[in-house]
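Engineer: All chains, full assembly: derive it from the sequences and hints.
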Amino acid sequence: MRKVGYIAAREFLGTVVTKGFIVGVLMTPALLTIVFAVAPRLMAQRGSVVRGQVAVIDPTNRVTSELRLTMSPAEMTRRREETARRAIANAPAAVRDIAASQPSTPSAVAGALGAVPELEVVEPQTGADLQTAKGWLTAPSDGPRHLALVVIHPDAIQRLRNRDEYGVYDIYVPATIDDRVETAIYDSLRDALVNVRLRAQNMDRQTVDALVRVPRPRSVTLTQGNERATVGAFNRILPLAFTGLLLMGVLMGGQGLVTSTVEEKSSRVVEVLLSAVSPIELMAGKILGQMAVSLVILAIYIALALLALASFAMLGLVDPILIVYLVIFFIITYLTIGSLMAAAGAAVNEMREAQQLAMPMMLALMIPWVLATPIAREPNSPFSTIISFIPPVNTFAMLLRLTSTAPPPAWQVWLTILIGIGSVTAAIWFAAKVFRIGLLMYGKPPDLATLIRWARSA
Amino acid sequence: MNPALRLTGIRKRFGSTTAVESLDLEVPSGALYGVIGPNGAGKTTTIRMIMSILFPDAGELSVLGHASALEAKDRIGYLPEERGVYRRMPVGAFLTYIARLKGVTEAEIPARVRRGLERVELGGSEKKRCEELSKGTLQKVQILAAIIHQPDLLILDEPFTGLEPVSTRLLRDIVVAEHRRGATILFSTHAMHQAEDLCEHVVMIHRGRKVLDEPIVNLRRRFDPRTIRFEPLDPAADLAPLRALAEVERLEPAANGYDVLLADGSDPGIAIQRMTAAVAPSRIELARLRLEDVFVSIVSDGHALGAVS
Numbered sequence: 001m002r003k004v005g006y007i008a009a010r011e012f013l014g015t016v017v018t019k020g021f022i023v024g025v026l027m028t029p030a031l032l033t034i035v036f037a038v039a040p041r042l043m044a045q046r047g048s049v050v051r052g053q054v055a056v057i058d059p060t061n062r063v064t065s066e067l068r069l070t071m072s073p074a075e076m077t078r079r080r081e082e083t084a085r086r087a088i089a090n091a092p093a094a095v096r097d098i099a100a101s102q103p104s105t106p107s108a109v110a111g112a113l114g115a116v117p118e119l120e121v122v123e124p125q126t127g128a129d130l131q132t133a134k135g136w137l138t139a140p141s142d143g144p145r146h147l148a149l150v151v152i153h154p155d156a157i158q159r160l161r162n163r164d165e166y167g168v169y170d171i172y173v174p175a176t177i178d179d180r181v182e183t184a185i186y187d188s189l190r191d192a193l194v195n196v197r198l199r200a201q202n203m204d205r206q207t208v209d210a211l212v213r214v215p216r217p218r219s220v221t222l223t224q225g226n227e228r229a230t231v232g233a234f235n236r237i238l239p240l241a242f243t244g245l246l247l248m249g250v251l252m253g254g255q256g257l258v259t260s261t262v263e264e265k266s267s268r269v270v271e272v273l274l275s276a277v278s279p280i281e282l283m284a285g286k287i288l289g290q291m292a293v294s295l296v297i298l299a300i301y302i303a304l305a306l307l308a309l310a311s312f313a314m315l316g317l318v319d320p321i322l323i324v325y326l327v328i329f330f331i332i333t334y335l336t337i338g339s340l341m342a343a344a345g346a347a348v349n350e351m352r353e354a355q356q357l358a359m360p361m362m363l364a365l366m367i368p369w370v371l372a373t374p375i376a377r378e379p380n381s382p383f384s385t386i387i388s389f390i391p392p393v394n395t396f397a398m399l400l401r402l403t404s405t406a407p408p409p410a411w412q413v414w415l416t417i418l419i420g421i422g423s424v425t426a427a428i429w430f431a432a433k434v435f436r437i438g439l440l441m442y443g444k445p446p447d448l449a450t451l452i453r454w455a456r457s458a
Numbered sequence: 001m002n003p004a005l006r007l008t009g010i011r012k013r014f015g016s017t018t019a020v021e022s023l024d025l026e027v028p029s030g031a032l033y034g035v036i037g038p039n040g041a042g043k044t045t046t047i048r049m050i051m052s053i054l055f056p057d058a059g060e061l062s063v064l065g066h067a068s069a070l071e072a073k074d075r076i077g078y079l080p081e082e083r084g085v086y087r088r089m090p091v092g093a094f095l096t097y098i099a100r101l102k103g104v105t106e107a108e109i110p111a112r113v114r115r116g117l118e119r120v121e122l123g124g125s126e127k128k129r130c131e132e133l134s135k136g137t138l139q140k141v142q143i144l145a146a147i148i149h150q151p152d153l154l155i156l157d158e159p160f161t162g163l164e165p166v167s168t169r170l171l172r173d174i175v176v177a178e179h180r181r182g183a184t185i186l187f188s189t190h191a192m193h194q195a196e197d198l199c200e201h202v203v204m205i206h207r208g209r210k211v212l213d214e215p216i217v218n219l220r221r222r223f224d225p226r227t228i229r230f231e232p233l234d235p236a237a238d239l240a241p242l243r244a245l246a247e248v249e250r251l252e253p254a255a256n257g258y259d260v261l262l263a264d265g266s267d268p269g270i271a272i273q274r275m276t277a278a279v280a281p282s283r284i285e286l287a288r289l290r291l292e293d294v295f296v297s298i299v300s301d302g303h304a305l306g307a308v309s
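Protein chains in written order, with our numbering: chain A, 1 to 458; chain B, 1 to 309.
Worth flagging that the hints you see were computed from the coordinates, not collected in a lab.
Some hints could be false.
[What the hints assert, rightly or not] When the alpha-carbon atoms are kept at most 25 Å apart in a straight line, the in silico DSS-like pairs for lysine-lysine are as follows:
1) B:Lys128 x A:Lys433
2) A:Lys444 x B:Lys128
3) A:Lys433 x A:Lys444
[Claimed, not checked] Some chain B residues close to chain A (C-beta under 10 Å, calculated; not the full set):
4) Ser52
5) Lys73
6) Asp74
7) Leu79
8) Pro90
9) Ala93
10) Glu118
11) Gln142
Heads up, the beta-carbon is just placed ideally off N, CA and C, and yes, glycines get one too.
Structural biologist: Okay, here's the thing in structure tokens:
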């Protein structure tokens with residue numbers, strides 16, 4: 001066992017203390033953290049205020065004056081904060097709690113959209129036709145920028161008799177306009193038109209707003225003896241995140257095993273090792289070493305994910321037992337796939353051949369992704385149940401079910417684990433025999449029939 | 001005293017090819033044995049079976065008193081024919097790793113690595129990566145890895161292959177030193193003169209079968225040399241008196257002189273006396289035993305084959 005530990009330690013350090021690992025595994029989450037931590041702050045930095053003029057041709061003579069009000073910086077700021085407030089109201093409870101603890105949140109969210117533009121509404125000279133007005137928009141200006149030309153439809157306030165809908169407006173903008181400024185103009189125009197139309201009908205804007213607003217109700221998920229707020233997007237992401245982590249851990253560990261085994265075989269160091277340890281000790285050490293590498297990777301990603309959840313006060317949404325299941329299922333799947341990958345590495349002479357031999361295992365690991373949607377939608381259907389007992393995809397299927405909104409009964413989880421232990425035993429038995437013979441075989445890579453013959457003869 | 005190594009009726013086949021057949025071998029503790037034979041004779045397969053890297057189809061093995069080398073790996077040093085290292089690993093780290101696997105205590109490892117490297121004239125190379133070393137230098141590191149744990153049994157598969165003369169001498173010295181320390185040594189070679197120089201006992205394998213298993217001393221006696229190397233003092237000397245001697249069958253030109261083949265039944269000692277009297281020599285000596293000749297003699301002689309196997 002001591003020797004297995006030495007081999008595992010060398011395998012672990014030989015993989016972890018390399019530039020490739022540090023760049024590939026540590027730098028990626030580090031960069032993501034930097035991007036997520038720094039980018040919002042940079043985005044929140046106010047840029048220079050956009051100032052300019054919006055020309056309005058208004059045959060109704062009623063919209064322009066209202067637009068001056070709705071396009072004022074104060075009104076635009078109020079509108080943004082109102083939008084932010086609605087977004088927060090629809091967010092998960094945890095996010096709402098954070099927002100509630102910080103009264104300035106709506107203005108901070110609104111601020112992330114940039115500085116409120118200062119827009120001046122101007123009217124073309126009386127009698128100016130559309131072409132002249134378009135010329136104004138594109139003409140160079142030493143003074144304020146010409147940002148848009150708005151032509152209000154004559155029926156924008158009063159419907160024509162034979163029409164069901166009101167007229168709106170046409171808008172012309174230069175090519176260089178900022179989309180946030182354009183949105184601000186649209187929002188201001190919408191508010192102005194609605195206000196004028198309502199007044200024309202002798203209606204009050206606040207009353208109408210209250211009448212038409214039906215906020216989405218808060219959905220509550222009921223399970224046996226438990227109820228929690230439904231978080232739709234989170235419910236969809238969680239199963240994929242967990243199976244993604246499982247797949248990533250298994251693939252990285254398996255790939256590492258193939259690479260290091262092929263390297264040891266092709267550099268002929270393997271015979272030196274076999275003079276000191278038995279093939280099964282060598283294989284066990286390598287599998288454990290790479291498993292430790294994968295666990296480190298998983299730990300990094302899980303820690304970052306939990307950190308991200310904690311920063312949004314959503315930590316409570318992840319049941320800690322799910323992480324325990326993730327680790328258990330990772331160990332089962334990794335030992336099954338990893339030992340077969342080690343055998344594939346031992347049976348061949350170079351990486352290209354190893355990849356060909358490992359291809360069926362890789363494809364088998366992709367099956368859960370194809371089945372993810374039907375399993376997540378119907379976690380307790382006969383199909384989902386049966387697939388939870390077929391190795392090597394059983395662990396993926398069970399993890400999908402466990403992270404779904406209707407987890408399976410406990411006996412099914414235990415059965416999946418038991419079947420997993422069986423598949424691990426069978427895979428290690430087969431792999432150990434292939435590993436022992438394959439390590440010293442050079443030349444033509446073996447086919448499946450040869451591998452089976454090795455397993456029987458060893 | 002138990003033998004260090006005992007093989008009884010060992011057979012190994014790869015598909016339809018018989019690599020080793022009915023091999024019996026006993027190597028006493030503390031002996032220095034050479035396994036010789038041409039390429040493909042079955043030497044490496046035999047060694048791999050001794051090391052429990054391969055397993056025999058039939059027969060029994062005993063290594064340092066154990067039924068398998070797996071039970072005594074820490075007491076065995078092994079230099080495989082296919083030598084390898086972790087190319088990116090520093091020399092010191094590689095030797096440390098092997099020493100750990102061979103059961104050397106952590107406290108002893110640094111001193112053993114340092115002393116070992118100094119012994120093969122690589123002092124201060126601990127931090128160098130293996131890939132930075134030349135092939136010959138790397139071979140020294142590999143030999144060091146085989147002896148770093150001071151094994152009781154040292155098995156070297158073709159140890160001299162690829163070594164230049166200075167390194168060959170260094171390795172010879174190491175083998176002799178390990179033998180003096182008390183280690184049992186078994187090495188294989190297809191270069192038979194190396195076995196002649198080093199071994200006290202040779203085992204010859206041909207087509208998977210043992211065809212010879214004798215001490216060098218016995219071989220020298222059994223394969224009585226019938227050739228005397230003769231270099232005349234005067235290169236232009238008349239050799240007719242030499243040819244006229246009853247002990248001399250014929251003369252064959254050789255490097256710097258002649259090979260004098262003796263007539264059947266003649267005594268080499270008397271022949272040397274008479275030859276010296278007939279023509280003054282600058283050098284005269286019995287031709288040394290050449291295992292190559294012994295090998296050719298054995299494989300071409302059915303009786304010898306039968307006698308040994």
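Engineer: Indicate, hint by hint, whether the structure satisfies it.
Structural biologist: Consistency of the hints with the structure:
1. B:Lys128 x A:Lys433: violated, 36 Å
2. A:Lys444 x B:Lys128: violated, 35 Å
3. A:Lys433 x A:Lys444: holds, 18 Å
4. Ser52: Since the shortest Cβ distance to chain A is 8 Å, the answer is holds.
5. Lys73: holds, 6 Å
6. Asp74: holds, 8 Å
7. Leu79: holds, 8 Å
8. Pro90: Hint violated; B:Pro90 Cβ to chain A Cβ min 12 Å, cut 10 Å.
9. Ala93: Where the cut-off is 10 Å and the nearest Cβ of chain A is about 9 Å from B:Ala93, the hint holds.
10. Glu118: Violated. Min distance 22 Å.
11. Gln142: With Cβ-Cβ at 7 Å, under 10 Å, it holds.
Hints 1, 2, 8, 10 from the list above are not met by this structure, while the remaining hints are.
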